[in-house]
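> Here is how the chains run, residue by residue.
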Amino acid sequence: MKKIHITNGRIIDPANHIDQTGSLYIADGKILSVLNPIADFSADISIDATNNIVCPGFIDLSVRLRDPGQTHKGTLQSETIAAASAGVTGLCLPPDTQPVIDTQAVTELINDKAEKANYSQVYPIAALTYQLAGKELSSMATLKQAGCVAVSNANAPLANLLVLRRAMEYASSHNLLVILHPEEHSLNNNGCTHEGFFSTRYGLPGIPEASESIAVAQYLELARLTGCRLHFSQISCKAAVIKIQQAKKYGINITADVAIHQLHLTENDIEPFNSSYHVIPPFRTTKDLQKLREGLANGTINAICSDHQPHDLDAKLGAFPETEPGIASVETLLPLMLCLVEDNTITLSQGIACLSQNPASILGINSGALTPGFNADVCIFNAALSWAVNQQNWKSAGLNTPYWGEVFKGRVTHTLQSGKIIYTLE
Amino acid sequence: MSNLQLTQEGHLKHFITIEGLSKEILTNILDTAESFIGISQQQVKKVPLLRGKTIVNLFFENSTRTRTTFELAASRLSADVISIDIQTSATSKGESLLDTIRNLEAMHVDIFVVRHAISGAGHFIAQNTAPHISVINAGDGQHAHPTQAMLDMFTIRQHKHEFNTLKVGIIGDILHSRVVRSQIQALNTLGVEEIRVVAPKTLLPSHVEQLGVSVFNNIEESLDDLDVIIMVRLQKERMTSALLPSEREYFKCFGLTDERLKLAKADAIVMHPGPINRGVEIASSIADGPQSVILQQVSNGIAIRMAVMSLTLQNKEYAV
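Chains as they are written, first to last, in the working numbering: chain C, 2 to 427; chain V, 764 to 1083.
To spell it out: a stretch of chain C is covered by chain V in this simulated footprint if at least three of its residues, at any positions, have a beta carbon under 8 Å from a beta carbon of chain V; those stretches are: (1) 192-200; (2) 204-210; (3) 314-325.
Simulated from the structure, these hints should not be mistaken for laboratory data. We treat Cβ as the ideally placed atom computed from N, Cα and C, and that holds for glycine.
All chains, please: the whole structure from these sequences, using the hints.
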């Protein structure tokens, strides 16, 4: 394995309370030393990180690769290349692949493919219920052994709260993290946008915020009842933030993340009937956005994910309610996080922690930090470098982003996964 | 949205929604319709204005009346018109909707009149069709039904002449009605004094007051001093989806009866976009009574659709 010396970068490693310019030494795929010089270190590769920030590689809690099963939308290869170019060294793959991640075989298939592709590390999340049908438990212990880091029912509904209670009890018996996307499907009523002025004005069926806050309240009670370790994925409304904040105060063992675009867009930003803005949970109001930002700043929300969902063109070509929801968002993760730093919502160190240290701690993996002995998962970026979201720069197979054509500041120059350079900006 | 509907010179190119159109444009549509109203009363009910033009009515959702009035409007303008009924099930995906449009485009069509069950369908077709084609929205989902709203404005103007002193009540299923959304936008653009929407909360969309209306849950309170009463059709399926308990209770609480009508101004007109449910939203005695202008609305529908068709096509020629 090669020895790598990263010089002159501003090293920000929130887990180890480091924010200092200096050198990072990597050997045998592991972090050897941060800042402290190593005598006689003869680097095979030297990376000059002058004017750049060197930080732990990002861990994205939700990235749809569309592989296996929907490779017309994206492949494990195309989407891990996109993730690598965004500084993401590890990503969680939700179980709603086709077939669903509910067998050892599918888990192994994904692990094999990820190993062959050799870009970002893929952490498969096992289905909470068999076939994600919401009725019978999946073989969670077997799936954990096969390499799944958590269990989730993705965006699929559960038959009833009894199934969820038992799934949570069973998962916690095997010390498995349960990731839930809070949504009371019966209240969604075929909605495709936030129930509010926008949905009323354009005659679009709306999803009330109560759909999310009611689910949060129910899941919190079950977490309390079962003692299960629970993580809320992609919360979107003010009421959810408040409930999670209160529950944390009472000592319930929970964490939460938010999708990056929810911190930037509201229903007021949606161009009428532009399907690029069709996403679930839907863009809500300015009040919700402000509370999400506040929750991120005060630690109620622990992590930021991309909720990357690449689509083929046809999936987004139609009248708004008929199109498939989701945004291809992994490549705009860093620049949009940096916007939050720019407008003083969070500090740079907080932002990096929300993308590395905190998701690693949610998953309980030894990553997300530049601790000597950890795998050398490193992201180097230039916070001032501008780039345009266009065909030339975009890596994901999904072009479905409301930010198409926009110019952002903040670009990854190098990504290292276990000491291997998986991305270099040309 | 307004840019999509207008040419660079600010003329009407598509007619998808009332939203974003100026008072001048709406008034021009009404004035143009006025000039067409006589044609239907002539012995030869035709003018050669759109001779040689091809108009295709694409109905992805059933409608007898709207389709018929569009067909008559087109043929009275001497255009060639064909109507195609397409079951929504065959084109539930955008790509096949687009394929349908592309195929018809290849037959050198000038106007698509589109009715579709999904909000935004007209907008989607206008964005994806060849630049020389005009799209007229004949109703998309719960979004808009601009020609219906304009024929209602036309009928109101026939009876009340000025809009700025009018108090208008819209009673019924506001939540699911594309007609109501377009009516509210048209009434506000034309500058009426007040719009009241009247329904139980289950049939009112959230934040409806932000559309520029006052909200009533009680019909008696809402009728006071009204100049125009617009009744909205109640779909039968609302009973089975837990929105209302029964037709009987609905009529008891929100039906327009003779006693209630007395609460409005003595010269108030009663409108209904049809088809009416007698004894559900409106008593027969009112539907057939002297204050009802329901059938006039239907005849005016032809003139309004003639006006919209001729305006979108004429403006295109000016632009070329």
